[in-house]
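Here are the chains, one letter per residue:
Number of protein chains: 2
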Amino acid sequence: MTGMKLSDIPAWKNLARHADIISRPEKHLKHLLKEKDRLINFSLNGAGIFYDFSRQRLDHRVMDLLFELAESCGLKQKFIAMVRGEKINTTENRAALHTAARNFLENPIFVDGKDVMPEIRRVRDDIKLFASKVHAGKITGSTGKPFKHVVVIGIGGSYLGTEFVAQALDPLADKNIEIMFLSNVDINNFGSIASTIDPETTLWIVISKSYTTAETMANTKQAYAFMTEKGLDPGQHFITVTSMGSPGDDPSNPVLSSFHMFDFIGGRYSVTSAVGGVPLSLYLGYERFEHFLKGAQDMDLHAQDSPVEENIPLIAALISIWNNNFLGYPAHAIIPYASPLSKLAAHIQQLNMESNGKSVTQKGEPLDEPSGNIIFGEPGTNAQHSFFQLAHQGRPFPIDFIGVINPHFKQYKSQSKGVTNHQELWSNLIAQPQALAMGKEDENSAKSFSGNRPSSTLILNDLSPGNIGRLLSFYEAKTVFEAFVWNINPFDQFGVELGKTLATNIRKQMVIKNQSSEHLFNDVDPITRFYLETLFSGK
Amino acid sequence: MTGMKLSDIPAWKNLARHADIISRPEKHLKHLLKEKDRLINFSLNGAGIFYDFSRQRLDHRVMDLLFELAESCGLKQKFIAMVRGEKINTTENRAALHTAARNFLENPIFVDGKDVMPEIRRVRDDIKLFASKVHAGKITGSTGKPFKHVVVIGIGGSYLGTEFVAQALDPLADKNIEIMFLSNVDINNFGSIASTIDPETTLWIVISKSYTTAETMANTKQAYAFMTEKGLDPGQHFITVTSMGSPGDDPSNPVLSSFHMFDFIGGRYSVTSAVGGVPLSLYLGYERFEHFLKGAQDMDLHAQDSPVEENIPLIAALISIWNNNFLGYPAHAIIPYASPLSKLAAHIQQLNMESNGKSVTQKGEPLDEPSGNIIFGEPGTNAQHSFFQLAHQGRPFPIDFIGVINPHFKQYKSQSKGVTNHQELWSNLIAQPQALAMGKEDENSAKSFSGNRPSSTLILNDLSPGNIGRLLSFYEAKTVFEAFVWNINPFDQFGVELGKTLATNIRKQMVIKNQSSEHLFNDVDPITRFYLETLFSGK
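In order, the protein sequence lines correspond to chains R and B. Be aware that the first sequence starts at 23, since it is given in this note's numbering, and climbs by one per residue. Be aware that the second sequence starts at 23, since it is given in this note's numbering, and climbs by one per residue.
If you're looking for bench data, these hints aren't it; they were derived computationally from the structure. Check the hints yourself; a few may be wrong.
No farther apart than 20 angstroms at their CA atoms in a straight line, the calculated lysine to aspartate or glutamate pairs in the DMTMM-like style are these [what the hints assert, rightly or not]:
1) B:K469 <-> R:E391
2) R:K469 <-> B:E387
3) B:K27 <-> B:E93
4) R:K52 <-> B:D547
5) B:K58 <-> R:D547
6) B:K439 <-> R:E391
7) B:K469 <-> R:E312
8) R:K160 <-> R:E200
9) R:K58 <-> B:D255
10) B:K170 <-> B:D192
11) B:K432 <-> R:E251
12) R:K150 <-> R:E312
13) B:K52 <-> B:E465
14) B:K170 <-> B:E93
Chain R with its partners taken away, still in its complex shape (with noise of 0.2 angstroms):
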């Protein structure tokens, strides 16, 4: 498969062909619905979710090709090799080892000869103790009062996927510390912040791998001369997470402790390392970090060693390369019927779009059908409020349903029109993906609905740390299954680079006339010269 076009692929060429016959009326979904035992042929039971892709615009033949395309594209070998520690991050020479971090089997896996095992099990050790003692309130602020509130200053992959968590499982919270993101360089981000904590009582977890990234540095130095102004000793009051040897891991700049990444996980696939560990153990506490740990395991198991038939995963990424690059949908919404996953999509959104928004093969050959997609979403109910006119109505777009069993409030029982809120919730959650397939016909046609509009529905039997672990693999190990179909370097974000070399060059003209307010901007292009202009006017 290696060098060749995707277009090349026998069962790619059957798929652009399937999808005519797929776009036929007699394949509408209305159609497909009714067929025996619809549901039972095309959901799967696994690693704890319940995945139901009938409402999907597939038959067996689809589903034939489709494992077929696995195979020719390898898909499992891959991923094989990348829980393996092969460096399949082929552009920056390295392995992507997301999946080590909630290893618990006893099995060493080596990067360049070397087991890292050990490393990733000394800093959970790490974790767990510093998380133990500033629980114990052995670990202090300054003026030795326990700790109450932290605050994470990172950005991008250094915070979406805790924040993804910590929302989740907040009615876990119980060990009286409240959490805060302070991810934008936005002065904003931190004036509000700054004006909700006690500083006596604040934590802040500085997060960067390189602990070079400029919205994280100046964060960090405006909380290190809030913490001075305010007398206290910021080398009480901050711990790093960041690579070995990093500036944040300075011994010549203090701070309470610094946890490791290692540069086998990016940080879009880092929550279930020490860039997730960190925070959520002061959070939730150790134990239920390692109980979130423990279920991502159980689906990367499930990846990995799933046949392809039976591989959750896998399916749902073989169905996102079908709505994509045959039946053309250029975006997919993730919709949870759980208001704790509310930040769930804004997480995906930058682990997949991060991923495989990607121009050129792992060789750097153009591609020849476009990879990623538009991802988005809010919690259902909420969503049908916003925007599911157009998804019913306007431009049709596959969604991801989300439904859990037992929700984390059982004490509220008033029930409305007879039923309690978790059912109404759920009246709705079956609803939607029925009338987005089926439609419906009218004499008016404003009220007519063309139906056909396809959607996976997800089910978890609750919201345990557990099973947000396994929602969180089930959605890494869906977007890497794409990105090998493709044959993209899902690891690798050159992507950003450009904007941060303009950035870079406009930041030095403002240096400048931060030190000589005469300095006249005729060096840069006219446009960026009105805006440079346009900020120097504030007042």
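Starting from the known structure of chain R, arrange chain B on it as the hints suggest.
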């Protein structure tokens, strides 16, 4: 134009032809941007907003054709008809008078022969008086304590706009009142709010035009039961915002106060009515709400009075049509470089996708060109560290960048790399549109950028209430101008009805099961039965 197909309009045909020309290599943005006075020629100042569309893929010829299209479609006349109260919501036989909610002129506005302005002014006065009494401690909860928590119970248009504005102006909230939003019927949403508030000092605002919205009624019942269980009199802790004569405006169901909504203001356009007015006046004070209204009015007058060639929201709508129907971009991102605008995209997502995600014209004929866009977004620079990889090297999508010259917080002065946080933010705001437009070739194809990716930039002087009103009204006017080109009705939402109908049938099954646990769901299709059984299998 009425009854005429879009593709039959001469300007439309010429635009289609010109789209081919714009796609030629010599029309790449890197060349267009080298034209003399590019910024001056393709930017506008008006109603407190600077609007730069120099980085859109267009030239003078495109603009001329778009202006011709605007004339053919009668955009200005339709807008004026809307503002004057004509029943342009034809499918529901209603006026669309959100602009009247912020009208402070003396002119009457007639609907069915009756001037609606006295009623609108009366509601504003009611809000002002009520808010001032709450702030003065003259209206309190049932135990005499002043209100400190306001919980808005409402979904979709009954909260998204208010949440956006409350978040944007949060640093100005000096009334010692916290605001929360209970939107989702998910019991987790209620549970997490119930575990946060002090019931004695909590005021619930139930917002529903019909006072029958399933989610809002379910949450209201939970809240009533909760307050009653705490020994508090709900009648002294609830207010309603609803239509005159609805079940929420029934004296036999006593509440502290009721504020009226009108059938000529739809939910997604209602933040300047009592829907936003009541909670925002409690949170920020009525004066700031009025400043917000006056800013919105300022942009309304600009949209109504400016000639087509100087009309910012109208031009933004034309560019949206150009990108959507001629250049083939199905999605659009809103990226404010301002954390306080973090809820803007979610609000505009509803406003625009619910308004324009339609399949038939005003006359009920099928559209010959797709309408509506997928709208999404996160604040910059966060978005750069999330999905901008795809923006630069994957599927392109047009972007609105938004910059603010003066942030809320000015007291934090630490510099990093020689610049303040706010300057760092702007270095990115300036760099990103340039990087997207210009691209860059590199020997390493993985580090090459094709460029030619379009964006606009909007600049506000600050985040004052007035400017937030201007920004809101800009997007409202842009949305309706788009609809006026497509000749669709942006004020109905029949697309959400089918899901509601199906949910009602499913709810009936649940009610029977709640009454009789032997009920077997034999009357429903197999997939629905499976999910009902799954739900009832919960612990």
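With a cut-off of 20 angstroms on the C-alpha distance, tell me whether R:K58 and B:D255 pass. violated, 55 angstroms
Are B:K52 and B:E465 close enough, with their CA atoms no more than 20 angstroms apart? Cα-Cα ~19 angstroms, so holds.
Holds or violated: B:K439 to R:E391, with C-alpha atoms at most 20 angstroms apart: violated, 41 angstroms
For the pair supplied as a hint, B:K432 and R:E251, confirm whether the alpha-carbon distance does not exceed 20 angstroms. holds, 16 angstroms
Check whether the Cα positions of B:K58 and R:D547 lie no farther apart than 20 angstroms. The given pair, whose Cα atoms are some 11 angstroms apart, holds under the 20 angstroms limit.
Has the given pair, B:K469 with R:E391, been kept, meaning a C-alpha gap of at most 20 angstroms? With Cα atoms ~19 angstroms apart, B:K469 and R:E391 stay inside 20 angstroms; holds.
Just to be careful, I want the Cα atoms of R:K150 and R:E312 compared with a cutoff of 20 angstroms; is the pair within it? Holds, at roughly 9 angstroms.
Sort out whether B:E93 lies within 20 angstroms of B:K27, counting only the CA atoms. Given that 20 angstroms is the threshold and the Cα spacing comes to 15 angstroms, the pair holds.
If you draw a straight line from the CA of B:K469 to the CA of R:E312, is it 20 angstroms or shorter? Roughly 38 angstroms between the alpha carbons, so the hint for B:K469 and R:E312 is violated.
Taken at face value, is the distance from the CA of R:E200 to the CA of R:K160 at most 20 angstroms? holds, 18 angstroms
Need the status of pair B:K170, B:D192: alpha-carbon distance at most 20 angstroms? holds, 15 angstroms
Given the hinted pair R:K52 and B:D547, is their Cα-Cα distance within 20 angstroms? Status holds; Cα separation ~12 angstroms.
Comparing the model with each earlier hint shows violations of hints 6, 7, 9, 14; every other hint is respected.
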